[in-house]
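Numbered by mature numbering (1 follows the signal peptide of the UniProt record, and there is no 0), the letters in the sequence shown go through residues -19 to -1, 1 to 616 in order.
Keep in mind that a hint or two might mislead.
Unchecked claim - Subject to a maximum C-alpha distance of 35 Å in a straight line, what follows is the list of computed DSBU-like cross-link-like pairs (lysine-lysine):
| no. | residue 1 | residue 2 |
| --- | --- | --- |
| 1 | Lys292 | Lys349 |
| 2 | Lys308 | Lys292 |
| 3 | Lys308 | Lys391 |
Said to hold, decoys possible - Pairwise CB distance ranges, derived in the manner of DEER restraints:
| no. | residue 1 | residue 2 | range |
| --- | --- | --- | --- |
| 4 | Ser106 | Pro485 | 37 to 43 Å |
| 5 | Trp589 | Ser557 | 22 to 28 Å |
| 6 | Ser109 | Glu77 | 36 to 42 Å |
| 7 | Ser109 | Arg610 | 44 to 50 Å |
| 8 | Asp592 | Asp80 | 49 to 55 Å |
| 9 | Asn559 | Pro593 | 52 to 58 Å |
Calculated directly from the structure, the hints in this document are not laboratory data.
For each residue, glycine too, the CB sits at the ideal point set by N, CA and C.
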Amino acid sequence: MRFSSILSLGGLAVQSVSGLPGTLEKRVNVDQWIQQELPIARAQLLCNIGPNGCNSAGVASGLVIASPSKSDPDYFFHWTRDAGLVFKAIIDLFVENYDAGLQQNIQNFIVGQAKLQTVNNPSGSFSSGAGLGEAKYLANGAQFTGDWGRPQRDGPALRAIALIKYSKWLIANGYTSTANTVVWPIIRNDLAYVTQYWNQTGFDLWEEVQGSSFFTIASQHRSLVEGAALAQQLGQTCNGCAGIAPQILCFQQRFWNPSQGYVISNINGGSYRNGKDANSILTSIHNFDPVLGCDASTFQPCSDRALSNHKVVTDSFRSIYGINNGKGQGQAVAVGRYPEDSYYGGQPWYLNTFAAAEQLYDAIYVWKRSSSISVTSVSLPFFQALIPGISTGTYASTSSTYTSILSAVKAYADGYVDVAATYIPGGGNIAEQYNRNTGQPLSARDLTWSYASFLTVAQRRREVVGLGWANSAASVVPNTCFATSVQGSYTSATATSFPANQTPATGAPTGTATTATAPAATTTAACVPPVNVDITFNARVVTQFGQTVKIVGNIPQLGNWNTANAISLSASQYTSSNPVWSGTLSLPAGQAIQYKYINVASNGAVTWEKDPNRSYSIPSACGTTSATRTDSWQA
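The task is simple: from the sequences and hints, build the whole structure.
Quick look at the structure:
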């Protein structure tokens, strides 16, 4: 999991988890095994959350240790990414069935993140936002100063996604003020980080490759789409979210390798790999939205691209692991990170094997609520491995082929669960990895992310699916990509406690439904939200010969309040009866700005108009290209 942990292994290539049996018995019934494992996984996951988890002595409230393991490897740290994914799973469980204990953990997590955001660290400071990209922290919440692959830019997006989930539940149950005052300030900082830093490289989710990561980019896109919608619902502003999200999606398309039918999971770095990586399968399941159907641009699980990629990635492990010997096409296999992996000897991972199953359950969920299943030239190899002789076409739900596809894919998905279950000891404890030849558990014991991955695949298998995150423009790819960003503004969250007794409202809809409505066909929005909007400023100011009216404000395009960088307006329309100075500036859509006018004399003397600062939010609605502000000098 962690590239730096290789240094602590010495001469060891692999490490067995202490105390686990050497012989593992195969489970013969997936349904029965899942029911046995559910309470174990839930309990063990909660054991790794501070301050009260059974493995969490010394762990700060709301922080999540990746594993109780403190040596070979040492995972007794809080990773922003892992914690975001873990609490995304916890919140799904909570929304499905209200539980006061889970709610307390969620609240502790939110309060803990408010504190953690402000911790300056080797990635940078809080004031610049750069510190939010730090990968991990000590279990007590202090900065980790050792060498590491930093920054890791998926963490803020994943944390925002988890907190947005809980905010939806709060709003649906009548606690909008809590979402506004307690949760939104934390989300706002993470979204600001995404809008500012999304187009800069960082380390991937395996912490080994510096470049642009498919998983990171897709998570960032989702966070801005959801963040913009939540901001609107709360009456807040998400600066740049609506404008930048389509540009991230546009960039996301560059990872697709059309000639080979798979996602190159890391670009702009990591050229020593072929790009086949479970990173891409994890992307598909964590950006699943039933309402998007089988949309390929957002890499939905049942899209032809995601299915083709599933086959290519899983096939890459078919011949290199001994435990996969004899398993032909259409049979589930143990799944690792990427074929070239050498960490702990390059072994299969439980969470990746579960992810391979979860993508297929997601696809089945959408297909069962659709009137047909489409097989394209892109996805044909995936389907042919399961149903030899199938050809491209659209198979109606009334056809026998449609039924055969559902049956075959369900059995295939169950096969991946069975593979993982086969190599999980009888006590139900799930480590990070398992030996490629013997199936013996390896590396960190009781990996929190492993438990979360089991809990989510179990939900999807029984068709428990949350409400989608997308809107009508979320899958629309602009014709041209722009590497635009918005300077973030970061403010520490000050409301760090929750009101008591925030229980579900009687009859209130859930913030995240346990079953989603049947997906419609993927639609195309009429337009894409703007990246920039041309704002014309008209300032009525009576001036004398030699004087110039300028505008200055709190963003770089307005000079960052530096009068030397103020923008001059034009007096071309100035008359004695209508003393107007005008200028048009291209400003980031959705950006909240503050500004003032200044009068600059011929000798350079500056006169400011009086307080207060003027405030304005740049429009971000779909189709907006321009707007006008008309002001009078504040004397």
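We went through each hint and held it up to the structure:
Our distance criterion of 35 Å between C-alpha atoms is met by Lys292 and Lys349, whose separation comes to about 21 Å. A distance of roughly 14 Å separates the Cα atoms of Lys308 and Lys292; the hinted pair therefore holds under the 35 Å criterion. Of the pairs offered as hints, the one joining Lys308 and Lys391 holds, with about 17 Å between alpha carbons and a cut-off of 35 Å not exceeded. In this structure, Ser106 and Pro485 meet the distance hint of 37 to 43 Å, their C-beta atoms being roughly 40 Å apart.
Take Trp589 and Ser557: their Cβ atoms lie about 24 Å apart, and the range 22 to 28 Å holds. In this structure, Ser109 and Glu77 meet the distance hint of 36 to 42 Å, their C-beta atoms being roughly 39 Å apart. Our hint of 44 to 50 Å for Ser109 and Arg610 is violated, since their Cβ atoms are close to 29 Å apart. Distance hint for Asp592 and Asp80: a CB-CB separation of about 50 Å, consistent with the stated range 49 to 55 Å.
A hinted range of 52 to 58 Å is violated for the C-beta pair Asn559 and Pro593, which are about 25 Å apart.
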